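Undergrad: Sequence:
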Amino acid sequence: MMNWSVKRIWTICKSMNKKKKGAAAIVMVAAVTFATGIFYTREVKTTQTAQTTSEKQTTEERAEETVSAKKIGICIYRYDDDFMKLITKELKNSFIENYGIEANDIFTFYAEEDLEKQQEQVEKLMERGVCGLIIQAVEEAKIPALADQCAEKQIPVVFINSEPTEEEKQRWSEEKIAASWVGTDGRQAGAYQGQLILESPEHGDFNGDGMVSYVMIQGDLDAEDTKNRTEYSVKTLTDQGIRVQKLTEVSGNWEESRGKELTEQALKRYGRRVEVIICNNDAMANGASEAIQEAGRVVGKDICLVGVDGLRSTVTAVRDGNVTGTVLNDYHGQAKKAAEVLMKLVDGEHVDTEYLIDHVKISGNGQ
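To convert, note that position 231 of the sequence shown is 261 in our numbering; the numbers rise steadily by one, no gaps.
It should be emphasised that the hints constitute simulated quantities derived from the structure, not laboratory data. Treat the numbers as computed from the prediction; the structure is a model and nothing was measured. Every residue, glycine too, gets a C-beta built ideally from N, C-alpha and C. Among the clues, some could well be false.
Simulated pairs of lysine to aspartate or glutamate, EDC-like, Cα-Cα distance not exceeding 16 Å [what the hints assert, rightly or not]:
| id | residue 1 | residue 2 |
| --- | --- | --- |
| 1 | Lys172 | Glu157 |
| 2 | Lys331 | Asp350 |
| 3 | Lys206 | Glu370 |
| 4 | Lys298 | Glu324 |
| 5 | Lys100 | Glu285 |
| 6 | Lys276 | Asp239 |
| 7 | Lys367 | Asp350 |
| 8 | Lys172 | Glu197 |
| 9 | Lys206 | Asp178 |
| 10 | Lys147 | Glu169 |
| 11 | Lys298 | Asp269 |
| 12 | Lys276 | Asp252 |
Restraint-style ranges between C-beta atoms, simulated for each label pair [what the hints assert, rightly or not]:
| id | residue 1 | residue 2 | range |
| --- | --- | --- | --- |
| 13 | Tyr129 | Glu150 | 20 to 30 Å |
| 14 | Lys183 | Glu324 | 29 to 39 Å |
| 15 | Arg302 | Glu169 | 34 to 44 Å |
| 16 | Leu277 | Asp377 | 25 to 35 Å |
| 17 | Arg349 | Glu150 | 39 to 49 Å |
| 18 | Asn128 | Asp178 | 28 to 38 Å |
| 19 | Tyr129 | Tyr300 | 44 to 54 Å |
Working from the sequences, and respecting the hints, build out all of it.
TA: Here is the structure:
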């Protein structure tokens with residue numbers, strides 16, 4: 031199990047030269063390589079809350095025929111998602127640095143959670159001559175349709191983040207569809223959140239009533255990550271004999287503003303009964319942290335807060351004591367592997383139908 035204290039990670043981050051290429055050039059033990067490879071200048075700077083329509087149109091209009099040998103298409107479910115911004119940036123870096131793809135030959139489209147729009151974007155990219163596609167599906171249930179759309183034109187595809195069913199991955203193998211999935215195990219992320227709670231003071235039972243009373247703030251209710259992170263964070267507690275009480279469970283749709291709003295509502299309704307807040311991602315945890323501080327509650331003294339993703343802003347909050355801990359969703363590792371798998375498919379090599387990247391716990395106490 032990999033587990034890094036935030037102080038240790040932060041020290042490494044600050045010491046890195048921002049112009050260096052990173053951990054690939056440093057001979058270190060695997061865990062250190064992993065940590066450094068992620069945090070040196072690999073964070074997307076704060077941007078406006080939404081990309082303007084003209085910017086998106088400019089990106090799509092740029093996707094025209096060129097004399098380049100290889101062009102890559104990247105399709106993301108929406109623009110306004112901090113974690114997917116990190117993966118997208120890392121994907122571009124990997125294609126450029128490791129495979130010699132020109133920056134102007136990497137085209138990124140955002141579907142704004144519109145499945146029909148995403149399918150149109152995929153078709154447009156194939157018409158423009160891309161040799162391979164990276165797709166984060168708007169809906170996991172529509173992955174088979176997207177895989178078939180690519181297979182019809184014999185375009186290799188790697189799905190990221192949104193997980194296809196086991197039946198779908200088996201179909202790729204049986205029908206020899208050039209497709210694969212690169213992602214993480216949501217069960218592991220949830221289990222690590224549970225461990226972070228167990229490692230907190232009084233195992234999260236701050237009022238000493240023999241029971242952990244929690245608020246669950248979920249992501250997209252149709253996403254497998256939401257289901258698995260929700261289930262296994264609580265299961266890890268009960269497996270250790272901890273009695274739990276669910277005060278409320280509601281979707282924040284991965285959004286920071288919703289995380290804050292829902293936390294405010296829970297604290298107002300349940301007051302000091304709220305001992306633990308479990309968020310399915312860091313954006314919502316960041317929002318929850320704001321609400322907790324504004325309510326005069328103190329993380330580590332009378333409340334516990336955990337997230338998932340390892341956003342730099344959340345790691346900072348862990349360092350500062352405003353978040354109990356987070357679980358690193360390794361965007362660097364996922365992007366690097368997705369690019370590697372896609373280029374193998376483009377070259378006609380055999381690949382597995384799935385590749386899992388491990389999570390890493392990040393806490394303020396180093397346990």
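Undergrad: Could you check the structure against the hints above and give me the numbers of any it violates, in ascending order?
TA: 1, 3, 5, 7, 11, 12, 14, 16
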